[in-house]
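Here the protein sequences come in this chain order: A and B. In case it helps, the working numbering puts the first sequence at residues 323 to 418. In case it helps, the working numbering puts the second sequence at residues 58 to 263.
There's no promise every hint is true.
Straight-line distance between alpha carbons at most 25 Å, and here's what the computed SDA-like set of lysine to any residue pairs gives [to be verified]:
(1) Lys385(A) to Lys75(B)
(2) Lys96(B) to Lys385(A)
(3) Lys385(A) to Asp187(B)
(4) Lys112(B) to Val217(B)
Simulated from the structure, these hints should not be mistaken for lab results. Owing to the predicted nature of the structure, the values given are computational and were not obtained by experimental measurement.
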Amino acid sequence: MKLHETCTTDQAAPQFEHEWQRRAFGLALALSEFGHYPWEEFQRALIERIGSWQDAPESSREKWEYYDHWVAALQTVVDDHGLLTAPVTTVPDSHH
Amino acid sequence: VSSQFSYPEDREQSSAAKIYALESLLIEKGVITPQTVDKVVAYFESEMTPHNGKKIVVRSWTDPGFLTRLLADTPAAIAELDLPDGMAGAEGEHLRAVANTPGVHNMVICTLCSCFPWPVLGLPPYWYKDPVFRARAAREPRTVLAEVGLPLPDDTEIRVWDSSGTARWFVIPERPSGTEDFTDEQLMDLVTTESMMGVALAGAPS
Chain A
323 MKLHETCTTD
333 QAAPQFEHEW
343 QRRAFGLALA
353 LSEFGHYPWE
363 EFQRALIERI
373 GSWQDAPESS
383 REKWEYYDHW
393 VAALQTVVDD
403 HGLLTAPVTT
413 VPDSHH
Chain B
58 VSSQFSYPED
68 REQSSAAKIY
78 ALESLLIEKG
88 VITPQTVDKV
98 VAYFESEMTP
108 HNGKKIVVRS
118 WTDPGFLTRL
128 LADTPAAIAE
138 LDLPDGMAGA
148 EGEHLRAVAN
158 TPGVHNMVIC
168 TLCSCFPWPV
178 LGLPPYWYKD
188 PVFRARAARE
198 PRTVLAEVGL
208 PLPDDTEIRV
218 WDSSGTARWF
228 VIPERPSGTE
238 DFTDEQLMDL
248 VTTESMMGVA
258 LAGAPS
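Okay, chain A solo, but in the shape it has when bound (with noise of 0.2 Å):
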């Protein structure tokens, strides 16, 4: 199987090939840096889908594309830590 024609130019540059996937990206690294959960974590839930995807038998895994498993790795580890059933921040507000 030969490589994809767009690596033997720097045409290559690093580029997102969908909106969402940019957004993907964007969100695990923010809440990172914002010290929801240490970025080696969201690696290792990375490493383990893209591990279980690699060790399935070639049959019955589904096509390759790695933003799923980026999405993927970034529930397990929104849900692990709670982020989504957390108590909702409400920001001081006057008004009310």
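Following the hints, put chain B in place on chain A, whose structure we already have.
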């Protein structure tokens, strides 16, 4: 077979829907603001680019003492340069440089996920994350390099560096001959992202 062609589009929509929903919920919860994701990505896109890696390579070419320090303690040597803040943040602290020398060629891969040296090379090209590329580059680097346009002599040793969560490798390519009189700016033009991944040489025609 037709289902194999229609499936990815559904899955694509599903992943996109999940990520937009997740972002909305996190905004609603007050965990992030509607501007957070754009700010973080914009910072990466504007500051964490191959421009940083090019500066590091050119300094290594023009200052042998810097190269020695870079290979011994990459983050400390990078801190000497005037590069954007945040270089030491996400990913930056694990940067490790290796230098090509006559007879030794280095190539960077990540066999498990995509541990790419963002701060110096920017975000990885899409093909870098392809499992076929990763697996084959680990198994038969000489063949893979020849396929991407870099056939190496049989007596050139190829070292493949497998990046991980704690070691983000990048390559200092060899300075092309005939560039003794080049300015730093001219030298920077010779350095490509691919050359810093070890899948091309510096100054090689693109």
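| Taking only the CA atoms, is the gap from Lys385(A) to Lys75(B) under or equal to 25 Å? | Status holds; Cα separation ~18 Å.
| Straight-line alpha-carbon gap Lys96(B) to Lys385(A), limit 25 Å | Answer violated: Lys96(B) to Lys385(A) is near 32 Å, above 25 Å.
| query | Straight-line Cα separation of Lys112(B) and Val217(B) no greater than 25 Å? | reply | holds (23 Å)
| message | Given the hinted pair Lys385(A) and Asp187(B), is their Cα-Cα distance within 25 Å? | response | Holds. Lys385(A) to Asp187(B) sits at ~11 Å (cutoff 25 Å).
Hint 2 from the list above is the single one not met by this structure.
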